[in-house]
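2 protein chains.
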Amino acid sequence: MRVAVVQFSPRFGEVDANLRRTEELIQGLDAEVVVLPELFQTGYLFTRREELPRLAEPLDGPTRDLVTSWARDLDAAIVYGFAEATPQGCFNSAALVGPEGLLSHYRKIHLFDREKLWFEPGTMGFSVIEFRGVRMGIMVCFDWRFPEAARSLAFLGADLIVHPSNLVLPWCPDAMITRALENNVFIATSDRWGVEAKDGVELRFIGRSQVVSPRGERLATLGEAEDGVIVVDIDPALARDKQVTEHNHLYGDRSPALYVGTPLEH
Amino acid sequence: MRVAVVQFSPRFGEVDANLRRTEELIQGLDAEVVVLPELFQTGYLFTRREELPRLAEPLDGPTRDLVTSWARDLDAAIVYGFAEATPQGCFNSAALVGPEGLLSHYRKIHLFDREKLWFEPGTMGFSVIEFRGVRMGIMVCFDWRFPEAARSLAFLGADLIVHPSNLVLPWCPDAMITRALENNVFIATSDRWGVEAKDGVELRFIGRSQVVSPRGERLATLGEAEDGVIVVDIDPALARDKQVTEHNHLYGDRSPALYVGTPLEH
Chain A
1 MRVAVVQFSP RFGEVDANLR RTEELIQGLD AEVVVLPELF QTGYLFTRRE
51 ELPRLAEPLD GPTRDLVTSW ARDLDAAIVY GFAEATPQGC FNSAALVGPE
101 GLLSHYRKIH LFDREKLWFE PGTMGFSVIE FRGVRMGIMV CFDWRFPEAA
151 RSLAFLGADL IVHPSNLVLP WCPDAMITRA LENNVFIATS DRWGVEAKDG
201 VELRFIGRSQ VVSPRGERLA TLGEAEDGVI VVDIDPALAR DKQVTEHNHL
251 YGDRSPALYV GTPLEH
Chain B
1 MRVAVVQFSP RFGEVDANLR RTEELIQGLD AEVVVLPELF QTGYLFTRRE
51 ELPRLAEPLD GPTRDLVTSW ARDLDAAIVY GFAEATPQGC FNSAALVGPE
101 GLLSHYRKIH LFDREKLWFE PGTMGFSVIE FRGVRMGIMV CFDWRFPEAA
151 RSLAFLGADL IVHPSNLVLP WCPDAMITRA LENNVFIATS DRWGVEAKDG
201 VELRFIGRSQ VVSPRGERLA TLGEAEDGVI VVDIDPALAR DKQVTEHNHL
251 YGDRSPALYV GTPLEH
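If you read the protein sequences in the order shown, they are chains A and B.
Per our numbering, the very first residue in the first sequence carries number 1; after that it's consecutive.
Per our numbering, the very first residue in the second sequence carries number 1; after that it's consecutive.
Bear in mind the hints are in silico, worked out from the structure with no lab data behind them.
Among these hints, one or two may not hold up.
The list treats identical chains as one, so a pair stands whether inside a single copy or across any two.
Unchecked claim - Once the Cα atoms are required to be at most 30 Å apart in a straight line, the calculated DSBU-like pairs of lysine-lysine come out as:
id	residue 1	residue 2
1	K242	K198
2	K198	K116
3	K242	K116
Only a predicted model underlies this, so the values are computations on that prediction, with no experimental measurement involved.
Kindly produce the complete structure, drawing on both the sequences and the hints.
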């Protein structure tokens with residue numbers, strides 16, 4: 001399966017421009033899965049409460065219709081991050097759509113820093129779906145920091161974790177190698193680059209979108225400040241074989257009875 | 001608290017020489033905690049069943065007496081890896097001793113590759129003890145690959161994970177940065193370097209002993225092929241404050257009800 005990861009620099013609130021730039025970048029892509037960044041069509045830096053209701057849309061809103069039309073054109077599945085409006089508030093969500101429509105939906109569980117001022121944390125949990133023989137699960141950006149996120153997706157059977165992101169901390173690209181190794185999965189991180197600044201807040205995004213293999217290899221990567229697309233061919237069989245040495249099986253070697261699952265003090 | 005990490009190249013079966021070399025390296029050290037490698041006095045490469053009973057010793061054997069005398073001389077705690085003989089078989093163990101004697105004992109849970117031919121996997125689990133105001137827990141080498149190991153120690157309250165190792169895979173030094181960040185703890189990895197070869201098996205150890213901080217910094221590191229000691233001053237308060245951004249608390253942000261704790265297929 002060919003996996004494409006898209007990186008660009010969305011401009012806050014300029015939905016039409018962000019959608020047009022994405023459309024240019026994915027034009028004619030030869031891939032079965034395309035990963036777009038977190039909040040790809042709105043930009044990231046919400047700073048006032050009134051902005052989110054104006055820019056968020058329901059799961060079945062116009063962005064999904066448009067991305068589904070792209071999925072039909074490319075004959076591919078596309079995962080994208082978006083601000084989701086619901087009667088329970090707004091979520092930092094991602095949707096995975098194929099040519100026939102919605103395949104999977106995720107609401108970010110581990111919100112980063114000031115996202116908590118605007119978004120509700122996801123309560124739906126993780127899920128894995130199969131598309132053209134590859135089992136995929138979604139996590140979003142800061143979920144990387146919590147080993148339980150990638151672990152949950154792997155335990156649900158994911159061969160490939162698709163990871164729309166807007167990274168500001170420098171550690172994630174290396175941490176995704178650890179996540180790939182500890183779970184023996186592929187991880188495709190689509191990040192953005194550029195600076196967003198308004199209302200006295202400035203954030204610099206780190207780019208460095210990448211695809212890593214279950215063997216801890218960085219199969220392809222983009223720079224810190226460039227628009228671009230990388231396409232990598234992955235073999236899901238490599239992710240399904242959890243035998244990582246002659247005598248080590250990543251699941252069989254676990255000793256759950258000996259693990260401590262809850263902080264003693266908190 | 002000053003933490004020292006020792007790196008050298010033990011020779012298989014040459015217990016006296018390995019102990020003498022360690023003694024030279026730690027002579028006069030100004031540190032409250034000293035971390036020695038896994039299997040530091042026997043070497044690593046067991047290749048025949050009869051070797052282990054000959055080289056293993058009980059927890060309260062002569063090595064512990066000797067290391068305890070070093071701990072008294074240095075007025076420090078010392079953690080070291082050793083082959084432990086018990087009526088239930090041999091374990092790849094580590095002990096932490098202070099000037100007054102034994103403080104903590106760990107039997108490696110996640111055995112690496114051919115270790116399974118000679119050692120039993122540990123069944124005692126993880127533990128954390130306090131020494132001079134710093135809470136410490138032990139994990140050994142390949143435990144790094146399983147996020148539950150460092151997570152368990154952090155959840156038990158560890159400020160500092162001491163990590164005797166004999167690393168052959170290249171990823172561990174970077175993975176320990178992820179482990180430090182995801183748990184907000186210090187990690188002191190004492191590795192060995194050099195090659196062991198016998199009975200048609202050859203292993204090259206990667207050195208690169210290090211201390212990493214809860215903020216993901218590599219505070220000090222040794223080379224791929226050198227004897228040496230690094231000493232780093234750590235502040236346990238940094239590990240206890242799990243508030244990693246203004247709005248993110250590493251424990252408070254967890255959503256255990258949404259995590260999947262067991263592989264669906266295995």
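Check: How do K242 and K116 come out at 30 Å by Cα distance, when the copy is not named: within, between, both, or neither?
Finding: between (36 Å within a copy, 17 Å between copies)
Item checked: Intra/inter-copy verdict for K198 and K116 if alpha-carbon distance must be at most 30 Å -> Within one copy only: 18 Å inside, 57 Å across.
Notebook entry, point to check: Are the CA atoms of K242 and K198 at most 30 Å apart within a copy, between copies, both, or neither?
Noted result: between (46 Å within a copy, 29 Å between copies)
Of the numbered hints stated above, none is contradicted by the structure.
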